[in-house]
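Chains as they are written, first to last, in this note's numbering: chain A, 1 to 284; chain B, 1 to 284; chain C, 1 to 284; chain D, 1 to 284.
Please keep in mind that the hints were generated in silico from the structure rather than gathered at the bench.
For clarity, every value in this text was computed on a predicted model and none was experimentally measured.
Heads up, a few of these hints could be off.
Same chains, same label: a pair holds when it works inside one copy or across any pair of copies.
Unchecked claim - Derived lysine to aspartate or glutamate pairs resembling DMTMM-like cross-links, with alpha carbons at most 25 Å apart:
no.	residue 1	residue 2
1	Lys210	Asp76
2	Lys73	Asp192
3	Lys73	Glu49
4	Lys210	Asp221
5	Lys73	Asp36
6	Lys73	Glu216
4 protein chains.
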Amino acid sequence: MIPCLTRAGIGNPGNLESFVALAGRHGFGGVDAGGDELLRLMEARGGAEGARAYLAEHGVRIGSIGLPVEWRKDEDSFRAGLARLAAHAEAAAALGCTRCCTYILPSTDEEPARYAARTARRLRTCARILAPYGLRLGLEFVGPHHLRRRWAHVFFYDLPGTLELIGDIGEPNVGLLLDSYHWYTTGGTVADLEGLRPEQIVHVHINDAKPVPVEEALDNDRLFPGEGVIDLAGFLGALQRIGYDGFVSLEVLSQSPPPAPPEEMAARAREAYRRVWPSGWPRA
Amino acid sequence: MIPCLTRAGIGNPGNLESFVALAGRHGFGGVDAGGDELLRLMEARGGAEGARAYLAEHGVRIGSIGLPVEWRKDEDSFRAGLARLAAHAEAAAALGCTRCCTYILPSTDEEPARYAARTARRLRTCARILAPYGLRLGLEFVGPHHLRRRWAHVFFYDLPGTLELIGDIGEPNVGLLLDSYHWYTTGGTVADLEGLRPEQIVHVHINDAKPVPVEEALDNDRLFPGEGVIDLAGFLGALQRIGYDGFVSLEVLSQSPPPAPPEEMAARAREAYRRVWPSGWPRA
Amino acid sequence: MIPCLTRAGIGNPGNLESFVALAGRHGFGGVDAGGDELLRLMEARGGAEGARAYLAEHGVRIGSIGLPVEWRKDEDSFRAGLARLAAHAEAAAALGCTRCCTYILPSTDEEPARYAARTARRLRTCARILAPYGLRLGLEFVGPHHLRRRWAHVFFYDLPGTLELIGDIGEPNVGLLLDSYHWYTTGGTVADLEGLRPEQIVHVHINDAKPVPVEEALDNDRLFPGEGVIDLAGFLGALQRIGYDGFVSLEVLSQSPPPAPPEEMAARAREAYRRVWPSGWPRA
Amino acid sequence: MIPCLTRAGIGNPGNLESFVALAGRHGFGGVDAGGDELLRLMEARGGAEGARAYLAEHGVRIGSIGLPVEWRKDEDSFRAGLARLAAHAEAAAALGCTRCCTYILPSTDEEPARYAARTARRLRTCARILAPYGLRLGLEFVGPHHLRRRWAHVFFYDLPGTLELIGDIGEPNVGLLLDSYHWYTTGGTVADLEGLRPEQIVHVHINDAKPVPVEEALDNDRLFPGEGVIDLAGFLGALQRIGYDGFVSLEVLSQSPPPAPPEEMAARAREAYRRVWPSGWPRA
Numbered sequence: 001m002i003p004c005l006t007r008a009g010i011g012n013p014g015n016l017e018s019f020v021a022l023a024g025r026h027g028f029g030g031v032d033a034g035g036d037e038l039l040r041l042m043e044a045r046g047g048a049e050g051a052r053a054y055l056a057e058h059g060v061r062i063g064s065i066g067l068p069v070e071w072r073k074d075e076d077s078f079r080a081g082l083a084r085l086a087a088h089a090e091a092a093a094a095l096g097c098t099r100c101c102t103y104i105l106p107s108t109d110e111e112p113a114r115y116a117a118r119t120a121r122r123l124r125t126c127a128r129i130l131a132p133y134g135l136r137l138g139l140e141f142v143g144p145h146h147l148r149r150r151w152a153h154v155f156f157y158d159l160p161g162t163l164e165l166i167g168d169i170g171e172p173n174v175g176l177l178l179d180s181y182h183w184y185t186t187g188g189t190v191a192d193l194e195g196l197r198p199e200q201i202v203h204v205h206i207n208d209a210k211p212v213p214v215e216e217a218l219d220n221d222r223l224f225p226g227e228g229v230i231d232l233a234g235f236l237g238a239l240q241r242i243g244y245d246g247f248v249s250l251e252v253l254s255q256s257p258p259p260a261p262p263e264e265m266a267a268r269a270r271e272a273y274r275r276v277w278p279s280g281w282p283r284a
Numbered sequence: 001m002i003p004c005l006t007r008a009g010i011g012n013p014g015n016l017e018s019f020v021a022l023a024g025r026h027g028f029g030g031v032d033a034g035g036d037e038l039l040r041l042m043e044a045r046g047g048a049e050g051a052r053a054y055l056a057e058h059g060v061r062i063g064s065i066g067l068p069v070e071w072r073k074d075e076d077s078f079r080a081g082l083a084r085l086a087a088h089a090e091a092a093a094a095l096g097c098t099r100c101c102t103y104i105l106p107s108t109d110e111e112p113a114r115y116a117a118r119t120a121r122r123l124r125t126c127a128r129i130l131a132p133y134g135l136r137l138g139l140e141f142v143g144p145h146h147l148r149r150r151w152a153h154v155f156f157y158d159l160p161g162t163l164e165l166i167g168d169i170g171e172p173n174v175g176l177l178l179d180s181y182h183w184y185t186t187g188g189t190v191a192d193l194e195g196l197r198p199e200q201i202v203h204v205h206i207n208d209a210k211p212v213p214v215e216e217a218l219d220n221d222r223l224f225p226g227e228g229v230i231d232l233a234g235f236l237g238a239l240q241r242i243g244y245d246g247f248v249s250l251e252v253l254s255q256s257p258p259p260a261p262p263e264e265m266a267a268r269a270r271e272a273y274r275r276v277w278p279s280g281w282p283r284a
Numbered sequence: 001m002i003p004c005l006t007r008a009g010i011g012n013p014g015n016l017e018s019f020v021a022l023a024g025r026h027g028f029g030g031v032d033a034g035g036d037e038l039l040r041l042m043e044a045r046g047g048a049e050g051a052r053a054y055l056a057e058h059g060v061r062i063g064s065i066g067l068p069v070e071w072r073k074d075e076d077s078f079r080a081g082l083a084r085l086a087a088h089a090e091a092a093a094a095l096g097c098t099r100c101c102t103y104i105l106p107s108t109d110e111e112p113a114r115y116a117a118r119t120a121r122r123l124r125t126c127a128r129i130l131a132p133y134g135l136r137l138g139l140e141f142v143g144p145h146h147l148r149r150r151w152a153h154v155f156f157y158d159l160p161g162t163l164e165l166i167g168d169i170g171e172p173n174v175g176l177l178l179d180s181y182h183w184y185t186t187g188g189t190v191a192d193l194e195g196l197r198p199e200q201i202v203h204v205h206i207n208d209a210k211p212v213p214v215e216e217a218l219d220n221d222r223l224f225p226g227e228g229v230i231d232l233a234g235f236l237g238a239l240q241r242i243g244y245d246g247f248v249s250l251e252v253l254s255q256s257p258p259p260a261p262p263e264e265m266a267a268r269a270r271e272a273y274r275r276v277w278p279s280g281w282p283r284a
Numbered sequence: 001m002i003p004c005l006t007r008a009g010i011g012n013p014g015n016l017e018s019f020v021a022l023a024g025r026h027g028f029g030g031v032d033a034g035g036d037e038l039l040r041l042m043e044a045r046g047g048a049e050g051a052r053a054y055l056a057e058h059g060v061r062i063g064s065i066g067l068p069v070e071w072r073k074d075e076d077s078f079r080a081g082l083a084r085l086a087a088h089a090e091a092a093a094a095l096g097c098t099r100c101c102t103y104i105l106p107s108t109d110e111e112p113a114r115y116a117a118r119t120a121r122r123l124r125t126c127a128r129i130l131a132p133y134g135l136r137l138g139l140e141f142v143g144p145h146h147l148r149r150r151w152a153h154v155f156f157y158d159l160p161g162t163l164e165l166i167g168d169i170g171e172p173n174v175g176l177l178l179d180s181y182h183w184y185t186t187g188g189t190v191a192d193l194e195g196l197r198p199e200q201i202v203h204v205h206i207n208d209a210k211p212v213p214v215e216e217a218l219d220n221d222r223l224f225p226g227e228g229v230i231d232l233a234g235f236l237g238a239l240q241r242i243g244y245d246g247f248v249s250l251e252v253l254s255q256s257p258p259p260a261p262p263e264e265m266a267a268r269a270r271e272a273y274r275r276v277w278p279s280g281w282p283r284a
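Extracted from the complex, chain A is given alone in its bound form:
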């Protein structure tokens, strides 16, 4: 498993080059970024080769890119993103990135069966565009109770439901983005994780939860790993045992900006990973 950073939790370290350098200074092996950032990095570094050299120099890989397609709304908006998806996938492939992720809001005002069918069809199309580039699509379920009640009907919100959605999509390159917060807020167990095959997991987020009743845990009120009540040792241990060897990204959503500059937050992130990582920080 490879420690990885997102911008959520450490603040804004500037452009992708700065972000990569920061991650590298603190021993992280990956960063999550947007496809547009990858295109800009290649442009700034004189092409894919220069960008790869920059990443290699800092010992940092691109963990995943976000899905640049509006699959939740009308058909025209959806279609308008597909050319960009292909362009981002091409950039990701050129830089050795093999993962693209999106999240699924756990309730909806639309008729849920119909919305589910549309969601499956559109995400299948996205997966099929990613496939020739060797990219996998990771789907993140979102567990906090307040979001499940936010719109009229409950939608996909937990592991079993998301596996059902993935089964419906039916493409070999679609899997889970597992986030410890959502695992926790949906009552997930270590056994649930141990029941997965490693190739079902595309990407992982970690973070922690405040000591409030789980039904009251807010999506944007998370803690750094080890500061809260989630059994992260259990979470990461299970992933390691089943053979997951991908990225594990810090994603700490919060209502206010990080309390310190990115450099210090990255250092804190490193300490947080050391506390919860199964067998010590993987890079000395």
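Let chain A serve as the given structure and place chains B, C and D on it in line with the hints.
Just chains B, C and D now, with coordinates in the frame of chain A:
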């Protein structure tokens, strides 16, 4: 379009041979039957050739067979029907039948998004088993309001939702079973039908509705075509205009048995078809 | 069926606006164009609405666009075209065009089984990118004998083989581009065409063949319809009987430029269509 | 990795119960069998539970079943096997078996492109029938040179081509059956194996080759592992390094019956495995 009979509305005329003979006597070009009945007919007639000869002799084809798979419940029940599906499909293909149909209840006690994903996956599997036999799978939405409220959550119940489901399934051999009662109870219009391509329609049911508010129309309280308030001339006219040339089956669900023996009910069915058929009864 | 022009046979009438105007002047209802031309037309006309107005003013539609993807070579070349494919598909959809076509060379120096598998996979990917835009992919087999022998191994070259390829691809939006020259050079019959369902045909080319032994008919030595030995009345009559109502494009490949300017060649094309069209020129 | 027996090489130990007992006595953890044998075992043991108990008692699992579908010939023959495939898959699932395998002859008298497309379509159908039962389909390429030349055109015969076929089929549950003899006769390397992900491998066969020029190695003239020239330590070591943890079946095809009774051949098989197994025999 080919007039066709089901047993719903005319009562039980006995085994498939009797049913076929009855349909032939009254000028119907098809009957809907079960796959088991097809197997028995072939056995009784010394094989597929004998069965085909019997059908030809009576001028009657097999319009469609029912889907012999329990796709609504647990996975074991689902899987237990797949071998039978292949056997029925083989029998259907041997007798020139190219349609297999199932209906979708319009509400559910399960989480609807998850149930939708499971439904799409399972019906896709069924369609894929039917495909090598040249059979298409027709999906019938069920519109009556009381059934939409019968279980906790609304599910697929109308034309747009069912088209979304078919789009999710994504197989070339899946389409609609259009039933005039469900078209009527979901506020369907002639323009809705005219917006379809003929190959999107696998099978058609006709029947009529009592002159009660549409919200009160019960699923099992239907009338013979022409005896009620549904615009069947509009319904059938639109199907003819777009080029639908498949079967149109009488399906009159009712709370009590038919008021007369099958022979007389088939004669009444013939009169009913004459009243609503776009350009006169198609066979003199 | 809608008479349609390509640039092959009438010469170069200039940009798409000129081409559309020319087609309109001579009563053709469509032109085949490249996706880049559609993008330029929209730019020149201030957007999709302006471009649609221009087409409507001339009574001309876009029959089909070419597939802008290099699917025959290495994987990088293939992937490099997919973003452009999505962009072209979006432009086509905006202008009401629903067809995208490519041709398949009938022999190859690669191992044919492996090349067939790669071809099916890549064309499937293209079809899946086209699908959300409502576009269909038409595959044209290429029949002339000299091209079947040009490379070491025979590949897909006729109707049955191309239907097998389409069956392998397995997507609902893939069908045939039928070209009368290839139908003729592969010994196609009227009965072969009558065995097709109209939705299996995405696009049609017509042209004629010199009175040489069919084995010697060269791909780039074609005649205008009615000037040669192909049974075009049989060809077009069969298409009309089965219900094909799409475009029929003139494609006359030749070794030298057309003998007259585009305006005159379009007039000759009109006369050629009048000679072979099933029931007279469709537009007075 | 789990040592497993087929009947090829040890002779006929009788019915499945005897075969399982024999495998268990000699420390093998699996046997490959036919689906019909599984059905008979369940019948003989009073159902699935009894059959599972018998297997558990002997410490033996069902490694894989053969694909009971004639996918190489006409369409009727193909379709005739699909109901049996579902029945065998159901039996396999009931007994904990998750693999079904078939082999691909490396040359053909049919047009290879067209035959490739048909092969992909039919194997996809098989995979889709296996999927709901949790079974994977393993495809074995066949490398000996004499078989590549036996029919007019070369077909799929090596690892890269078979991966292309699997990519065309496009189903998540299709992978390789890797046979050391075919790896050897196609010039496979340890690096080729190390380039695979473990989930791409469904099943493995081992055996050895006589010290003749590789072009002369006959398909049915194999040796026990360790008696010939194949680098089986390299083969098995690579599989172990990439994380393959499935069955490794002895398959020694030969022109004459085994030189000793099954009991002795199984003992010899055990010795053969001990010679080549990466880290000693896995069960004491």
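Which of the stated hints cannot be reconciled with the structure, identified by number in ascending sequence?
Violated hints (numbers, rising): 1 and 6; every other hint is consistent with the structure.
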